[in-house]
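Let the hints inform the model, and build the full structure from the sequences given.
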Amino acid sequence: MKARSWKLIGLVVLVMGAVALPFLVSNYRVFQFNMVLVYAIVLLGLNILTGYNGQISLGHGAFYAIGAYVAAILMDLGGWPYWATLPVAAIVCFVSGFLFGLPALRLRGHYLALATFALAVAMPQLLKYKRIEQWTGGVQGIVILKPDPPFGLKITPDQWLYLFTLAIAIVMFVIGWNLLRGRVGRAMIAIRDNPIAAEAMGVNSALYKSTTFGVSALYTGIGGALGAIVVQFVAPDSFTAGLSINLLVGIVIGGVASISGAIYGALFIQFIPNFADQISKAAPWAIYGAFLLAFVYLMPTGMAGLVRLIGSRLLRRSG
Amino acid sequence: MFVKRILLAGLVLIFTSAIPAWAQKKYGPGATDTEIKIGQTMPYSGPASAYGTIGKASAAYFEMINAQGGVNGRKIKFISLDDGYSPPRTVEQVRKLVEEEQVLLLFGTLGTPTNTAIHKYVNAKQIPHILLNTGATKWGDPKNFPWTIGWNLSYQAEGRIYANYLLETKPDAKIAVLYQNDDYGKDYLKGLKDGLGDKAAKMIVAEVTYEVTDTTIDSQIVTLQGSGADTLVDITTPKFAAQAIRKSVDIGWKPLHILNNVSSSVGAVLTPAGLDKSVGLITTVYYKDPADPQWKNDPAMKEYLAWIRQYYPDGNPIDIFNLVGYLQAQLLVQVLKQSGDNLTRENVMKQAANIKDAQLPLMLPGIKLNTSPDDYFLIEQAQLGRFDGKEWKLLGKVLGR
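Protein sequences appear in the order of chains A and B.
The numbering of the first sequence is our numbering, which starts it at 1 and goes up by one.
The numbering of the second sequence is our numbering, which starts it at 1 and goes up by one.
Because the hints were derived from the structure by calculation, they are not lab data.
Don't take every hint at face value.
Claimed, not checked - With a Cα cut of at most 16 Å, we get these calculated EDC-like pairs of lysine to aspartate or glutamate:
#1 B:K120 - A:D76
#2 B:K138 - B:D374
#3 A:K130 - B:D182
#4 B:K77 - B:E35
#5 B:K25 - B:D341
#6 B:K296 - B:D319
#7 B:K186 - A:E133
#8 B:K350 - B:D141
#9 A:K130 - B:E211
#10 B:K37 - B:E101
#11 B:K239 - B:D218
#12 A:K281 - B:D314
#13 B:K37 - B:D314
#14 B:K77 - B:E100
#15 B:K337 - B:D33
So this is what it looks like as C-alpha cells:
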C-alpha cells in the first residue's frame, strides 16, 4: 500500500478512537481529554503563526483569555447558548489579532516575541480593570454553567462536551489543513523562509502577516471559548504569562510547522505537569524541566518528527 | 428481688441501645473501617507557593495522628495536590480527587479565585468543602452553598471590629483608608463602612488605593497625610504594609495606625519596617504567633514546636502558615471524631456545621469557634493588639460574636 492510504487508515482509526474514548474512561479523564482537544486547537493556531509563518508569539495566552471571556460574558450576562458564543469569540479574536499584527509587522524575531509577551503580561491586569468589572467580574471572574446534552441524549454532560469539542476540533483541523496545503500556506512559508524573495514573487507580505496573525488568534480564541465552557470558570489568574509560555512549549514539543504536532503538544502540556506533581511535591517544576530537556534532546524535531521518522522506516521495510 | 429486676431491666436497656449503635456504622465514599480519605488543592508551585507550607503542615499533623492510632481507629489518608494557584488546574485536580480518588471531603483548599472555580461543582456533587484558606465573605452562604465552610475570620468581620473599636475609643476620628484595589481590599472597606454605619461618611475623610503591582506607596501615604486625618486604616499586604509603616513615620505623620491582620507578622512585616517605627500599631489577633515571646512557655506552643521538630523538620517554626496548617488539621480531626462511625458526606457536613464553642489551644484564650446550620462563619472573634516594640500586647477583651 502507498503511504497515502496508510495515512488515511491511521486518520480514520484515530478519529474512531477519539469518538469512542469518552465511553471507555471516567468522566474525570473525559474532562482531561477534552482539555487536550482545546489545547490542540490553540496549538494549531499558534503553529500557523509561529511554525508556518515564522512569527514568534509569547502572547497567545492573551487571545485565549479574550476568547474565554467573550464566551463567559455572553453566557453569563447575555444568556447565550454555549455554541453560539464560538463564532463571536472567533470574530473578536480575529479582529484583535489582526489589529495587533499590524504594528507588530515592523518587529522581527526577538522583538516581536517581546511585544507579544508584553500582551500576555498585561492581560490579567487589564481583565481586573475597574471600568469593565461589571462585565468581567473583576478578580472574582465569572462562573458559568455546564451545558446539558441536547436532544435528550443519554450521555453525561462531560461526554457531550467532549464530543462537541471533538467536532469543532475536526472542523478546525480540516480548515487548517486546507489552508496550509494550498496557495496561502505556501505564501506563509515563503514569507518565513525568505521574505524578500516572497515579495518579489508578488506575495503581499504585510497583508499575509497580519492576516496570519488574525487567523492564529481566531483559532486560539475558539480554543479559549471552549476551554471556558469546559472549565466552567474564567478569572484573570487563569490566564497568566505562564499559559502563553506553556503554549509555545506545546508547539515546540509537538513539532514546529506540523499539523499533527498540535495534538502531541496538547497531550504534553495537559499531562506532564500532573505527572511531575505526582513525582515530587517539593519541586514539580524541576521535574517538568527535566522532562522538557529530555524531549528536546531526544526529539529535536518534536514528537511529530519522531512519528514521521518511525513511520517512514516502517514503510520502507514493508514496501 | 427488686434489685435483681432493676439490674435486668438495666442490662436489657444497655443491650438494646448498644445494638443499634453497632449497626449504625455508615460509610460514604472515601471512608472505611481502616481509612478516611481527605483531599486538598494547594499552590505548591506558582505565584502563591509561599502558602504551600500550610498543606505540608497539615499533612505532618495527620502523620502524627496516624502514628497515635488515627481517628477512632481509622488512619487518615491525606491527598494534597498542586494547583499552582491556577483556577483551571484547581478544577481538574478537584475532579480527580472527587471522581478518581473518591475522597470523603475536601479540606483547606487555598485561594479565592481557585475556590470560586470549584464552588458550584462541589455543591452540586454534595462534597463537604470545608475550612477553606481564604477570607472572602462569600464562603458563609449556607442557603445557596450548603457544602462550603471557610476558615479565616472574614475580611468584612475584621473591618467591623476596627469600626467598633474606633466608635468606642475615638468617636471623632478623622479616618484615612489605604487599601489594595481588589476584592480583598474592598471586602475590608465594606466591613469598616458597615461597622461605622451612618457615621462612615463623616468619619472617613480620605480613601486611596494602590495596585498590587505598584513598586511603592510613598505617594499614597503623602496624599493621606495631606487630608488631615488622625487615624489610618491600613489594608495592605505585607510588602506594602512595611512601606506604609516606615514612610508615615519618616514624613512625621503620627496617626493612630490600624494595620490589618494579613500583615501583622512580626517577623515578615514589622521587623523589616523597623520595630521602633512599629510601636503603637493596632491590629486584630486570633492565633498565638510563634514569633511572639509572650507564648514562649505556653504548653500548647511547646507541643507545637515539638511536633514541628519531629514531623516537619523542614518547616520554619515561626512561619505563621505552619501554625495555620496545624490548627486546621486539628479542627478537622475534631470534626471527624464528632462524626463517630457515621462517616457519610452528609453527616460530616452536619458535624462541620455544628461546631460548638471549640477552643483550640493555639488560638488566643477565649476565642471560640462556632458554626450552625444557618451560620457558616467559623472564626468570628478576635482580640485587638497593640505593638509595644517587641510583641502584640493584647487589648481589652475578645471581640466579635
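**Message:** Which constraints among the numbered hints does this structure fail? Numbers only, ascending.
**Reply:** 13
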